[in-house]
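Student: Could you slot chain B onto chain A? The hints should help.
There are 2 protein chains.
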Amino acid sequence: MPRTAFFVSDRTGITAEMLGHSLITQFEDVNFRRITLPYIDSTEKAHEATARIRHQAEVDGCRPIVFSTVVDDELRAIIHVDEALTLDFFEIFIGPLEKELGRESSHSVGKTHGIANFEEYKARIDAVNFALNHDDGVMPRDLNEADIILIGVSRAAKTPTCLYLALQYGIKAANYPLTPEDFGQHTLPKLLLPYRNKLFGLTIDPVRLAQIREERKPNSKYAALDNCQFEVGEAEALMRHVGVPYLASTTRSIEELATTIMHRTGLTRRTY
Amino acid sequence: MPRTAFFVSDRTGITAEMLGHSLITQFEDVNFRRITLPYIDSTEKAHEATARIRHQAEVDGCRPIVFSTVVDDELRAIIHVDEALTLDFFEIFIGPLEKELGRESSHSVGKTHGIANFEEYKARIDAVNFALNHDDGVMPRDLNEADIILIGVSRAAKTPTCLYLALQYGIKAANYPLTPEDFGQHTLPKLLLPYRNKLFGLTIDPVRLAQIREERKPNSKYAALDNCQFEVGEAEALMRHVGVPYLASTTRSIEELATTIMHRTGLTRRTY
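Chains as they are written, first to last, in the numbering used here: chain A, 38 to 309; chain B, 38 to 309.
With the rest of the complex left out, here is chain A (with noise of 0.2 Å):
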């Protein structure tokens, strides 16, 4: 039997889903329905939500499980109904917070996924048009300005991991392939050498690898395993050799590339 479960949010949702999912995962045997519900903002617009979550509960036979981080008090009042179970956020939150910090809330709307100052916005901006910029080698003059520079052998997931950087943290990542060329001088390429603090690496399982080629260029000498392997042995050495730290995408989301290298290189978030 499936379930339905609501993220209710006063602004985009991204927290309510984010949280919600976190918590029905933990569920593998039940068959979940999600719907987001996002910009709830006014009461007319909680009334509407409320009806969609009682006519969900008629149609499932069973109360859909609702995840609210909608802040405003008499907005949260509407949609708390007995045909659901509601997971409210704020509410459950905010009374300790309050009382350890010795002092009351706001209880505005909007203070998260805002634009919450133009220049932490273009920061943003700037990081995602550094990425785009310098991105599989394009390597421009201003390669100083970047905090971090990934390299790998193509198809290891730099670009993504760079662009997730840039957008989420405001990170400045420009990337650089490793490539044939590149191997048997044990030494770095060139161009990275003045750089060579800001380098990380990302590898990735040689069938893996294969695999992903393949998709891209059928039958070519770029995706046969063969060359894949050599190619992987050959950066992964390499890294070795000259002492960048690097880490294998084969079972690592985006998120998890991307969190495990701020870790390790102590960068920190430029936006929240």
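Keep in mind that a hint or two might mislead.
Pairs involving identical chains hold if they fit within one copy or between any two copies, as the list cannot separate such chains.
Unchecked claim - Quick list of in silico lysine-lysine cross-link-like pairs, DSSO-like style, CA-CA up to 30 Å:
{"#": "1", "residue 1": "K82", "residue 2": "K235"}
{"#": "2", "residue 1": "K159", "residue 2": "K235"}
{"#": "3", "residue 1": "K227", "residue 2": "K258"}
{"#": "4", "residue 1": "K258", "residue 2": "K159"}
{"#": "5", "residue 1": "K254", "residue 2": "K159"}
The hints are simulated quantities; they were obtained by calculation from the structure and are not laboratory data.
Tutor: Relative to chain A, chain B alone:
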């Protein structure tokens, strides 16, 4: 007096950061130092985290706030210390959820932000590659594959929004800049005509646009306020004329743009 907020997680720490951030930003006049302790997945690391929290309590002279999303019961017990206010996300929510669903949760680590399955992972990477290969009007043949095509004047935030849609939702988003050549014809650029129902517009306040463009090309016609006013006016008129819905990026974050577009177009996430 600054307070310290710890975000403690057995995985990336992203959920803990987001939850904690949404709560502490409700206390505008409290200055928080933020420390993320990710990958706390062993008793040893849990004890290290605890030592760090206790140390901070001494330094600060008051209790740190610990936002924890650690799932494992044993590790959670270690992390709870008297010297901090611990807001334990799983402890609070998993109980009511288990009761409602009539079964125990798996209490297992690593369900969120990991590689759920290779297909889902590939969908994200494919979407990122799609966004990169269909950026700024570059439109190879496979535009049929696009879930959405963002249009708007140059620097209206199309590219970061496309990348966010790809990375976070696995949505294939192309973007096409509206330039002076496209105006005055009261019709869409020819290339876009077959995909009318996939179009969504981004617009921006001309003053903000001039400010952003000025940083890229100082003293250019491109950045001049009157030119920005002209381009934005024409782009909006065109979108209204042909019935393409649009949204202003001026006061919206990338998250807000992306989620609003998802909401209005009815697109649904491919990945969690």
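Student: Could you run down the list of hints and mark each one as holding or not?
Tutor: Now for the hints, and whether the structure bears them out:
1. K82 - K235: between (49 Å within a copy, 27 Å between copies)
2. K159 - K235: both (23 Å within a copy, 28 Å between copies)
3. K227 - K258: For K227 and K258, only the intra-copy Cα distance (26 Å) is at most 30 Å; the inter-copy one is 39 Å.
4. K258 - K159: Answer is between; shortest inter-copy Cα gap is 22 Å, intra-copy 42 Å.
5. K254 - K159: between (37 Å within a copy, 16 Å between copies)
Checked against the numbered hints listed earlier, the structure breaks none of them; every hint is satisfied.
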